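Student: Order-wise, the sequence lines are chains A and B. Heads up: the first sequence is residues 1 to 491, going by our numbering. Heads up: the second sequence is residues 1 to 491, going by our numbering.
Please note: incorrect hints may appear among the correct ones.
Which copy is meant is left open, so a pair is good if it fits within one copy or across any two.
Here are the simulated DSBU-like cross-link-like pairs (lysine-lysine), alpha carbons at most 35 Å apart as the crow flies [to be verified]:
(1) K82 / K28
(2) K28 / K413
(3) K325 / K349
(4) K82 / K490
(5) K349 / K111
(6) K213 / K28
(7) K354 / K490
(8) K82 / K381
(9) K82 / K413
(10) K82 / K349
(11) K213 / K349
(12) K169 / K213
(13) K490 / K325
(14) K213 / K381
(15) K327 / K111
Rather than coming from a laboratory, the hints here were simulated on the basis of the structure. Just so it is clear, the structure is predicted and the values come from calculations on it, not from any experiment.
There are 2 protein chains.
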Amino acid sequence: MAQNTPITVAHGDGIGPEIMEATLHILKEAGARLDIETIEIGERVYLAGNSAGIEPGAFDSLRRTKVFLKAPITTPQGGGYKSLNVTVRKTFGLYANVRPCVSYHPFVRTKHPVMDVVIVRENEEDVYGGIEYRQTNQVTQCLKLISRPGTEKICRYAFEYARANGRRKVTCFTKDNIMKITDGLFHKVFDEVAAGYPDIENEHWIVDIGAAKLSDTPENFDVVVLPNLYGDVLSDVAAQIAGSVGLAGSANIGETIAMFEAIHGSAPRRAGQNVANPSGLLLGAVMMLVHIGQGDIAARVHNAWLRTLESGVHTYDVFDSAASKEKVGTREFAEAVVSRLGQQPELLKAVSYKSGGDGGSGGGSSFAGSGTAAAPQQVTKQAVGVDLYLDWAQGTANDLGAAVAGLDGDGLKLSSIANRGVKVFPGGHTETFCSDHWRCRFVGAAGEGASVTHAQIAGLLARAAAAGFDYIKIENLYNFDGQPGYSHAKE
Amino acid sequence: MAQNTPITVAHGDGIGPEIMEATLHILKEAGARLDIETIEIGERVYLAGNSAGIEPGAFDSLRRTKVFLKAPITTPQGGGYKSLNVTVRKTFGLYANVRPCVSYHPFVRTKHPVMDVVIVRENEEDVYGGIEYRQTNQVTQCLKLISRPGTEKICRYAFEYARANGRRKVTCFTKDNIMKITDGLFHKVFDEVAAGYPDIENEHWIVDIGAAKLSDTPENFDVVVLPNLYGDVLSDVAAQIAGSVGLAGSANIGETIAMFEAIHGSAPRRAGQNVANPSGLLLGAVMMLVHIGQGDIAARVHNAWLRTLESGVHTYDVFDSAASKEKVGTREFAEAVVSRLGQQPELLKAVSYKSGGDGGSGGGSSFAGSGTAAAPQQVTKQAVGVDLYLDWAQGTANDLGAAVAGLDGDGLKLSSIANRGVKVFPGGHTETFCSDHWRCRFVGAAGEGASVTHAQIAGLLARAAAAGFDYIKIENLYNFDGQPGYSHAKE
Numbered sequence: 001m002a003q004n005t006p007i008t009v010a011h012g013d014g015i016g017p018e019i020m021e022a023t024l025h026i027l028k029e030a031g032a033r034l035d036i037e038t039i040e041i042g043e044r045v046y047l048a049g050n051s052a053g054i055e056p057g058a059f060d061s062l063r064r065t066k067v068f069l070k071a072p073i074t075t076p077q078g079g080g081y082k083s084l085n086v087t088v089r090k091t092f093g094l095y096a097n098v099r100p101c102v103s104y105h106p107f108v109r110t111k112h113p114v115m116d117v118v119i120v121r122e123n124e125e126d127v128y129g130g131i132e133y134r135q136t137n138q139v140t141q142c143l144k145l146i147s148r149p150g151t152e153k154i155c156r157y158a159f160e161y162a163r164a165n166g167r168r169k170v171t172c173f174t175k176d177n178i179m180k181i182t183d184g185l186f187h188k189v190f191d192e193v194a195a196g197y198p199d200i201e202n203e204h205w206i207v208d209i210g211a212a213k214l215s216d217t218p219e220n221f222d223v224v225v226l227p228n229l230y231g232d233v234l235s236d237v238a239a240q241i242a243g244s245v246g247l248a249g250s251a252n253i254g255e256t257i258a259m260f261e262a263i264h265g266s267a268p269r270r271a272g273q274n275v276a277n278p279s280g281l282l283l284g285a286v287m288m289l290v291h292i293g294q295g296d297i298a299a300r301v302h303n304a305w306l307r308t309l310e311s312g313v314h315t316y317d318v319f320d321s322a323a324s325k326e327k328v329g330t331r332e333f334a335e336a337v338v339s340r341l342g343q344q345p346e347l348l349k350a351v352s353y354k355s356g357g358d359g360g361s362g363g364g365s366s367f368a369g370s371g372t373a374a375a376p377q378q379v380t381k382q383a384v385g386v387d388l389y390l391d392w393a394q395g396t397a398n399d400l401g402a403a404v405a406g407l408d409g410d411g412l413k414l415s416s417i418a419n420r421g422v423k424v425f426p427g428g429h430t431e432t433f434c435s436d437h438w439r440c441r442f443v444g445a446a447g448e449g450a451s452v453t454h455a456q457i458a459g460l461l462a463r464a465a466a467a468g469f470d471y472i473k474i475e476n477l478y479n480f481d482g483q484p485g486y487s488h489a490k491e
Numbered sequence: 001m002a003q004n005t006p007i008t009v010a011h012g013d014g015i016g017p018e019i020m021e022a023t024l025h026i027l028k029e030a031g032a033r034l035d036i037e038t039i040e041i042g043e044r045v046y047l048a049g050n051s052a053g054i055e056p057g058a059f060d061s062l063r064r065t066k067v068f069l070k071a072p073i074t075t076p077q078g079g080g081y082k083s084l085n086v087t088v089r090k091t092f093g094l095y096a097n098v099r100p101c102v103s104y105h106p107f108v109r110t111k112h113p114v115m116d117v118v119i120v121r122e123n124e125e126d127v128y129g130g131i132e133y134r135q136t137n138q139v140t141q142c143l144k145l146i147s148r149p150g151t152e153k154i155c156r157y158a159f160e161y162a163r164a165n166g167r168r169k170v171t172c173f174t175k176d177n178i179m180k181i182t183d184g185l186f187h188k189v190f191d192e193v194a195a196g197y198p199d200i201e202n203e204h205w206i207v208d209i210g211a212a213k214l215s216d217t218p219e220n221f222d223v224v225v226l227p228n229l230y231g232d233v234l235s236d237v238a239a240q241i242a243g244s245v246g247l248a249g250s251a252n253i254g255e256t257i258a259m260f261e262a263i264h265g266s267a268p269r270r271a272g273q274n275v276a277n278p279s280g281l282l283l284g285a286v287m288m289l290v291h292i293g294q295g296d297i298a299a300r301v302h303n304a305w306l307r308t309l310e311s312g313v314h315t316y317d318v319f320d321s322a323a324s325k326e327k328v329g330t331r332e333f334a335e336a337v338v339s340r341l342g343q344q345p346e347l348l349k350a351v352s353y354k355s356g357g358d359g360g361s362g363g364g365s366s367f368a369g370s371g372t373a374a375a376p377q378q379v380t381k382q383a384v385g386v387d388l389y390l391d392w393a394q395g396t397a398n399d400l401g402a403a404v405a406g407l408d409g410d411g412l413k414l415s416s417i418a419n420r421g422v423k424v425f426p427g428g429h430t431e432t433f434c435s436d437h438w439r440c441r442f443v444g445a446a447g448e449g450a451s452v453t454h455a456q457i458a459g460l461l462a463r464a465a466a467a468g469f470d471y472i473k474i475e476n477l478y479n480f481d482g483q484p485g486y487s488h489a490k491e
């Protein structure tokens, strides 16, 4: 007989305790093999003076069980309270946000009757590091970072998820026609990972066209894997147009720890009235069961829930006199699901999930330890120059070109100047608007591609400082295996 | 009597000449006051050896007339041909891309029968500078730049457009809850500009929620102004869900020069058959007429076109046996519009535009010279530290902390280390995944906020070089008017 899997459960605030009770009741009746540790998070913890809303001891439980089923919480009004989700995500490196966006036509109103899309969003990189600098009077900068191991992890997760959940296709969106180095890396790694999953179809779209297709004909998509920013925007678009925001669960997956929840909030005004819909949390729990290898139980719960939805037994939020038959409360809805355990939906599509051989080999965790953060490939890295960025507002591009050429020397020479990515010296156009934020590219005196040293770069900065330039930043230029690892300005 | 306005016209490739002829015929019959200069662009120019597809002499015409009505062109297969639109945009600083996305229910099929949204996309900044660097074995970087003058121009254009086109509301989307400095600047400047237009309603949404609402209930939006990346994605989403990609025109607006076109391509297979739909280019020409202050003529053309569409006189691409009455060719469609000049639509909403007092005071150009690129505000800028980024893969965050502390000296000291935006030293979490891309923050020895000099920063680099560190970049830390102009890592 299969062993129980330990999980950590938090009952949360507002409607949290009611929907968690309903969810756990259904899981138990369905035969889920769970050992539950309960922790306290949320409002009372915040108000007791813990700015993260979760006690250090609770982290120990998460480290022990590695699986967190979380009800919604209430963050108190006023400053100084940190987002609990951000804290958990950052602490445990939850790199994947997974959100199924499904329409339940004709039982829930939607403009897109055929839609069953899962958004897999990279959750740690891109512009969400929030690494920002105001550099001049006029110009601010945010760093977008895309890493190979971060991209490998999210792409591999998307394909593993597709396999465990009986999905047939994974689509990737990037803007690699413009961002050839960062989004280009994401696309390249996606292709590499996809090659290891010949049983799963794969495709790539430029994000603008892909987003247009996703929002117009979502029926053509299955699993979609995205860098953080595109995923943020398009997971909200997909959930909204499916019409099922109140019924959706989501997962946040890390290499060792994963968290499952509803996407809605704690709705304090509905608390304690036995009216809340437990479906979002229940579908989060279904994802959890698949993750821990209990796909058989997950399918049993999910199909009974679908059968309940289509028999017209609805909580108030979904109730619609045209499509519903019986308006019920939280507990009665849970009983309705329990009474249908073992049934399949008749109109909606039934689900099936793969079951793992043990308690921890589901959609997310089995591959995490096996080379996901790939051993670095051996590459040859050669410094070939530096971009010296200046805050300067004393004239034209040609004026600056003349002034900066005076910094040449010690094996470095100025090759070009750009402003906001457009080359303005030598040979710029007079119509180009120039901000006070200039990029001066220095390369080896022998020409582009010749080696330069870090000491030469430090020397250039010393000369720039002595000449009174306000250099605001530098970016070194490297070749990797002989190929430039930097972009050229547009002419 | 009003003077004629000189414009530059290019007839383009494929269906271009036919739809341009139809468009110019309608404009003439409507009484547009134009002096036309014709230039050649596109396939023949490319194949004659001009890699930009436009001859230097043609630029002179654009500089003279400042208004460009452009038919679609064909870029030859094979490498080395530069995008003509990118060349024109970069050369003349066309900072605004304007795309009306309108549904014409019940005459053109759409899931969103009530939709009349104009996307105003910033077109020069954000991640589209394509300023990218591969910095380590694992990590790539793209710079996102948002400037105050760039943001002022686009926001002001959006409100001027709203006024000239009889629009009531301008909505802004940003992600300033995460990107407080860059997107925060965009939002702040939007609010500042909005205050100067009390006759126009304004609102701001976080881009994820805003995108979800736009794609689900576009009827709630009017003019939407967006930073470049969000605008790229959401202008395609909006055009697609309106169902009218083949009927849409767009404008690219600069401080001195503006370009108007259809959003579709040159469709070579349809060329020379008198079947193509001239509507996209015609609606581009309508935007041009408003821009040059001939709003009366623009409305006359646009309303006659709407009346034609709803009378069921349709070209093949729109023809649908349920909604159409007569399938016509390009010339016949143009005649059908001409014969309805002076008529208003009966079911669709009629348009009205403001007319300028002279030939150049329409939606885009009148304000361009009057302080758009605002004189820099006086701010006090103080260097207070530097982020030294290292490529390093020799141990843990604590190991690196010990090694880097050896660079302290000459008035600088290490304050913290972060990896991908998460603080990892001192006091990090063991679960945080660390790439080979580290940010070491140095501040003045007297503590955060104390002044440091550029010479001190150059000295730090010299010590790092001598110690054998591969520093990959630096970002200086500045206070502006005493407030930090840089973000702190998440703990």
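Student: Now tell me if each hint is right for this structure.
Tutor: Hints, one by one, checked against the model:
In this assembly of identical chains, the alpha carbons of K82 and K28 lie at most 35 Å apart only when taken from the same copy (33 Å versus 63 Å across copies). For the homomeric pair K28 and K413, neither the shortest alpha-carbon distance inside one copy (72 Å) nor that between copies (57 Å) is at most 35 Å. Proximity of K325 to K349 under the C-alpha cut-off of 35 Å is restricted to the intra-copy arrangement: shortest distance 20 Å within a copy versus 41 Å between copies. Within a single copy, K82 and K490 get their C-alpha atoms only as close as 42 Å, which misses the 35 Å cut-off; across copies the closest is 11 Å, which meets it.
Proximity of K349 to K111 under the C-alpha cut-off of 35 Å is found in both arrangements, the shortest distances being 18 Å within a copy and 24 Å between copies. In this assembly of identical chains, the alpha carbons of K213 and K28 never lie at most 35 Å apart, being 41 Å within a copy and 38 Å across copies at closest. For a Cα distance limit of 35 Å, the shortest separation of K354 from K490 qualifies neither inside one copy, at 50 Å, nor across copies, at 37 Å. For the homomeric pair K82 and K381, the shortest alpha-carbon distance between copies (31 Å) is at most 35 Å, but the shortest distance inside one copy (40 Å) is not.
For the homomeric pair K82 and K413, the shortest alpha-carbon distance between copies (28 Å) is at most 35 Å, but the shortest distance inside one copy (48 Å) is not. When the C-alpha separation of K82 and K349 is checked against a cutoff of 35 Å, the pair qualifies neither within a copy, at 40 Å, nor between copies, at 49 Å. Proximity of K213 to K349 under the C-alpha cut-off of 35 Å is found in both arrangements, the shortest distances being 23 Å within a copy and 28 Å between copies. Proximity of K169 to K213 under the C-alpha cut-off of 35 Å is found in both arrangements, the shortest distances being 16 Å within a copy and 27 Å between copies.
Within a single copy, K490 and K325 get their C-alpha atoms no closer than 63 Å, and across copies no closer than 49 Å, so neither meets the 35 Å cut-off. Proximity of K213 to K381 under the C-alpha cut-off of 35 Å is found in neither arrangement, the shortest distances being 40 Å within a copy and 46 Å between copies. Proximity of K327 and K111 under a CA criterion of 35 Å is satisfied in both settings, with 24 Å inside one chain copy and 30 Å between copies.
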